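Engineer: All chains should be built: construct the whole structure from the sequences, respecting the hints.
Protein chains: 2
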Amino acid sequence: MSSYCLATYRCYDDTADFNKKAQGIAVGLTVGSWTDLPEARKAQMQQHLGHVVSVDVSEAGEASPESRRYADIRIAYPDVNFSRDLPALLVTVFGKLSMDGKIKLTDLSFSESFLSAFAGPKFGLQGVRELLGVHDRPLLMSIFKSVIGQDLEGLGEQFYAQAAGGVDLIKDDEILFENPLTPIEKRVAVCMEASRRAYDVTGQKLLYATNLTGPTSKLADQARKAIHAGANALLFNVLAYGFDTLCELSADPDISVPIMAHPAMAGAFYPSPEYGISASLLLGKLMRVAGADLVLFPSPYGSVVMPREENLAIKQVLLTENLEQDYLYRHSAAEGPEREPSASANVRAALKTSFPVPSAGIHPGLVPLILRDFGTDVVVNAGGGIHGHPMGAIAGGQAFRQAIGATLDGKPLQEAAQQHPELKAAIEAWGVKS
Amino acid sequence: MSSYCLATYRCYDDTADFNKKAQGIAVGLTVGSWTDLPEARKAQMQQHLGHVVSVDVSEAGEASPESRRYADIRIAYPDVNFSRDLPALLVTVFGKLSMDGKIKLTDLSFSESFLSAFAGPKFGLQGVRELLGVHDRPLLMSIFKSVIGQDLEGLGEQFYAQAAGGVDLIKDDEILFENPLTPIEKRVAVCMEASRRAYDVTGQKLLYATNLTGPTSKLADQARKAIHAGANALLFNVLAYGFDTLCELSADPDISVPIMAHPAMAGAFYPSPEYGISASLLLGKLMRVAGADLVLFPSPYGSVVMPREENLAIKQVLLTENLEQDYLYRHSAAEGPEREPSASANVRAALKTSFPVPSAGIHPGLVPLILRDFGTDVVVNAGGGIHGHPMGAIAGGQAFRQAIGATLDGKPLQEAAQQHPELKAAIEAWGVKS
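As given, the protein sequences belong to chains A and B, one line each in that order. First residue of the first sequence? That's 1 in the numbering used here, and the numbers climb one at a time after it. First residue of the second sequence? That's 435 in the numbering used here, and the numbers climb one at a time after it.
Treat the hints as calculated values from the structure; they're not laboratory data. Since the structure is predicted, the reported quantities are computational estimates derived from the model, not experimental observations. There may be inaccurate statements among the hints.
[Stated by the list, open to error] Result set (DSSO-like, lysine-lysine): computed pairs, CA atoms no more than 30 Å apart in a straight line:
id, chain 1, residue 1, chain 2, residue 2
1, A, K145, B, K476
2, B, K620, B, K556
3, A, K102, B, K579
4, B, K639, A, K145
5, B, K639, B, K579
6, B, K536, A, K102
7, A, K186, A, K145
8, A, K218, B, K476
9, A, K42, A, K122
10, A, K218, B, K556
11, B, K536, A, K433
12, B, K652, A, K225
13, B, K867, A, K102
14, A, K424, A, K411
15, A, K42, B, K579
16, A, K225, A, K433
17, A, K145, A, K424
18, B, K786, A, K218
19, B, K536, A, K122
20, A, K433, B, K454
21, A, K225, A, K205
22, A, K352, B, K652
23, B, K579, B, K556
24, A, K218, B, K652
25, A, K145, B, K454
26, A, K411, A, K433
[Said to hold, decoys possible] Derived list of chain A stretches under chain B, where covered just means 3 residues or more per stretch with a C-beta under 8 Å from a C-beta of chain B:
id, region
27, 41 to 51
28, 95 to 107
29, 176 to 184
30, 212 to 218
31, 235 to 243
32, 266 to 280
We put the CB at the ideal spot given by N, CA and C, even for glycine.
Structural biologist: Quick look at the structure:
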């Protein structure tokens, strides 16, 4: 029985015969040539042949008055053609093709067989909530700032100030690499000690995502060292290493802590409409399949912006329980007699969901917007919005917690600010958006 | 003494204050904040601070009548801020920044200290020539076609037909992954046996680049297995795994064969003028620094096109012996009193050069163009131009060798075709371009 993974592309061209182009992709990226093959060979090669699933052309001016002519093309690639790893799938569907004109890889759907090779997030959203013992509200995360050149004492102090304000997670700056001033083991020890001191004040658990860096083959050892030193989460610049490295780290039984995926370098892929890989695939589906427990991405609210609809598309694929709809490709009879329907009626593969972490430019006055867009299952992630609080970082964390509490209670921030001087000061500094 | 790596960006914005943006990058991606720091702290942090080296603004309509407003911004990043690996450098210079507006990373120059951590290509262009015993002409490479679904016997036959025509290198299709029909060890054995048979006819050595695929942590083992089975070169989809994985493979003493870098997925990065990473950096400098002995990239001649000037920029950085000019950044007094000139006057780091392999759509009639653009130090790489030859694949290889010989002799192809029926048939099929 054949099974297929499905790739969706958006292709811009003023004049192309998109149906012909689609056929060219389906044949060229699988068996190479088809019409020239002798009939006996066709029978053998049938199982390796790609298929055009659909070609939806949008003529110039049709999608919007200024829009150019494009097509959304969906191609089914036989699983038998590639091994069960993301480099193989990505090279198959977007290796050579990425260089062939104005074409963007906008989505992937996997066969059950392909997806079953991936364990996905080890903890996932619920696992992270369980580690923290927080189930009824969005989480709050704080980002270290200006840590390059800091010594251990400075890091410890900054950690405490963030932790004591009531944040649930603290992440390293993604540009803090292994260095003599604050090597990972010592950094973890100092920060976890600061975490214990903060716990005495807040009574609240906290995850510290320390930045996992260095040569690819040493990452698992570095992670073990960090965990041995007390690390209870890891930050990882996935795109600098490739999705498969995340897969291997997340599947490693020794790496017994959540992994937070940083989107560093993602802007080299997703922002162009004509080239690259869509944000929802790159920072959504692929991160989840590869095993990220939490995924950072640029929020639509602040300084580093991504359109809101792309944010919501990422959220959708990180949080969906219904893999059937978003992740799985099952070919139906309508797609052609040569493809058989999948034997199993049930989704065997089940991936844990990943925590969405819209980031950059977040201040307490944005909390109502974030919760409107993301609901409760979101990490509110702040850097300057905590460190830059007029009353200091502890007050910064408190202001966010107050904003989250008020929003969950359905209370306007301005009203809640009457009881909370920290929230009041934050609103005076940055305002409220809605 | 401080040393720096230099990143160059092209930034599009109709109204931005590019000098301010450059300052924001230099500070924001290094120490985080500067003007607010107390003086004593500034003294400590000076060595970690990034510097704006230059900001060249091109106003709308200045570069060409339709051109928009942009700036080329160069920032020096202190080496002390990152570890000596490409993920650390790339995340520093284009992690968060990649997501901050219309910005493309167009070049990197390295400090001697940074570059000295990289061994570069193990064989390089001269090493590949020595393995083949060919020093006086461009090399000829052939690409397997339609190998998915082929059995070992079919592969062996196709290999022989390519080899017997006089090609120097044969590469796997980059979408041929580990599979039950043609697993790497058996594939290598069959192809090397076909290579020996062809040698009896041609008297010519040949490198077979077998495709190295699978989970990241198993790649070195796979490579050893392939080499043990007789593989004398490897093909690698670098961008699906990350540059650091190539670094580690090329530095592995057990991997005693040249590595050929395939550009699969490169089109997700380089074609947009506004986003991503330039072709000459992605497929040129970074591939060479990471250790690729040969680098494939889309030619400007054929079906998958890249502008000629970008091809020549790749060639320049793959082939330059003068690292001083293209690779190294040395800060001069003009850049500010706080930076000291490099102590050493000599370039200590020396990287072997990498063979450029412009690919796609190549037929014998293009050989004069290729040699005009690339000179002798190029691999002429053909797929359909060999397999699709009217007289068969052996004649296809022969026609290319005839075209190369004629061009080196300064003889027009049409004239040479009078003596060579294979070249004549190729020209009749595809023409000659000049």
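Engineer: With reference to the structure, classify each hint as holding or not holding.
Structural biologist: Hints versus structure:
A threshold of 30 Å between alpha carbons decides the hint, and for K145 of chain A with K476 of chain B the separation of about 16 Å falls inside it, so the pair holds. Distance restraint check for K620 of chain B and K556 of chain B: the Cα-Cα separation of roughly 26 Å lies within the 30 Å cut-off, and the hinted pair is therefore satisfied. At roughly 25 Å between alpha-carbon atoms, K102 of chain A and K579 of chain B fall within 30 Å of each other, so this suggested pair holds. This hinted pair does not check out: K639 of chain B and K145 of chain A have alpha carbons roughly 57 Å apart, beyond 30 Å.
Among the hinted pairs, K639 of chain B with K579 of chain B is consistent with the structure: their alpha-carbon atoms are about 21 Å apart, no more than 30 Å. Simply put, K536 of chain B and K102 of chain A have alpha-carbon atoms about 18 Å apart, close enough for the 30 Å limit, and the pair holds. Among the hinted pairs, K186 of chain A with K145 of chain A is consistent with the structure: their alpha-carbon atoms are about 18 Å apart, no more than 30 Å. Between K218 of chain A and K476 of chain B the CA atoms are separated by roughly 34 Å; this puts the pair beyond 30 Å, and the hint is violated.
Between K42 of chain A and K122 of chain A the CA atoms are separated by roughly 43 Å; this puts the pair beyond 30 Å, and the hint is violated. Between the alpha carbons of K218 of chain A and K556 of chain B the distance comes to roughly 22 Å, so the proposed pair stays at or under 30 Å and holds. For the given pair, K536 of chain B sits about 26 Å from K433 of chain A by alpha-carbon distance, which is consistent with the 30 Å threshold. For the hint linking K652 of chain B to K225 of chain A, the alpha-carbon distance of about 22 Å falls within 30 Å, and the restraint holds.
This hinted pair checks out: K867 of chain B and K102 of chain A have alpha carbons roughly 26 Å apart, not beyond 30 Å. Restraint check: the Cα-Cα separation between K424 of chain A and K411 of chain A comes to about 14 Å, which is no more than 30 Å; the hinted pair holds. Distance restraint check for K42 of chain A and K579 of chain B: the Cα-Cα separation of roughly 16 Å lies within the 30 Å cut-off, and the hinted pair is therefore satisfied. The suggested pairing of K225 of chain A with K433 of chain A is violated, with an alpha-carbon distance near 43 Å, which exceeds 30 Å.
Restraint check: the Cα-Cα separation between K145 of chain A and K424 of chain A comes to about 23 Å, which is no more than 30 Å; the hinted pair holds. A threshold of 30 Å between alpha carbons decides the hint, and for K786 of chain B with K218 of chain A the separation of about 26 Å falls inside it, so the pair holds. The hinted pair formed by K536 of chain B and K122 of chain A fails the criterion: a straight-line CA distance of about 36 Å is larger than 30 Å. With a CA separation close to 27 Å, the supplied pair K433 of chain A and K454 of chain B stays within the 30 Å bound.
Simply put, K225 of chain A and K205 of chain A have alpha-carbon atoms about 22 Å apart, close enough for the 30 Å limit, and the pair holds. At roughly 26 Å between alpha-carbon atoms, K352 of chain A and K652 of chain B fall within 30 Å of each other, so this suggested pair holds. Simply put, K579 of chain B and K556 of chain B have alpha-carbon atoms about 28 Å apart, close enough for the 30 Å limit, and the pair holds. Using a Cα cut-off of 30 Å, the hinted pair K218 of chain A and K652 of chain B holds, with the two alpha carbons roughly 13 Å apart.
Only pairs whose Cα atoms come within 30 Å are accepted, and K145 of chain A paired with K454 of chain B is accepted, the gap being roughly 21 Å. Restraint check for K411 of chain A and K433 of chain A: satisfied, since their Cα atoms lie roughly 14 Å apart, inside the 30 Å limit. Remark: the region 41 to 51 of chain A is confirmed as covered by chain B, as 4 of its residues place a Cβ nearer than 8 Å to a Cβ of that chain, reaching the required three. Here's how the region 95 to 107 of chain A fares: 9 of its residues keep a CB closer than 8 Å to some CB of chain B, so the rule of at least three is met and the hint holds.
Using a Cβ-Cβ cut-off of 8 Å, 3 residues of the region 176 to 184 of chain A lie near chain B, which meets the minimum of three, so the contact claim holds. Counting residues of the region 212 to 218 of chain A whose CB falls under 8 Å from any CB of chain B gives 5; the rule of at least 3 is met. Counting residues of the region 235 to 243 of chain A whose beta-carbon sits less than 8 Å from any beta-carbon of chain B gives 4, enough to reach three: the coverage restraint holds. Requiring three or more residues with a Cβ within less than 8 Å of a Cβ of chain B, the coverage given for the region 266 to 280 of chain A holds, as 10 such residues are present.
When held up to the earlier numbered hints, the structure conflicts with 4, 8, 9, 16 and 19 and fits the remainder.
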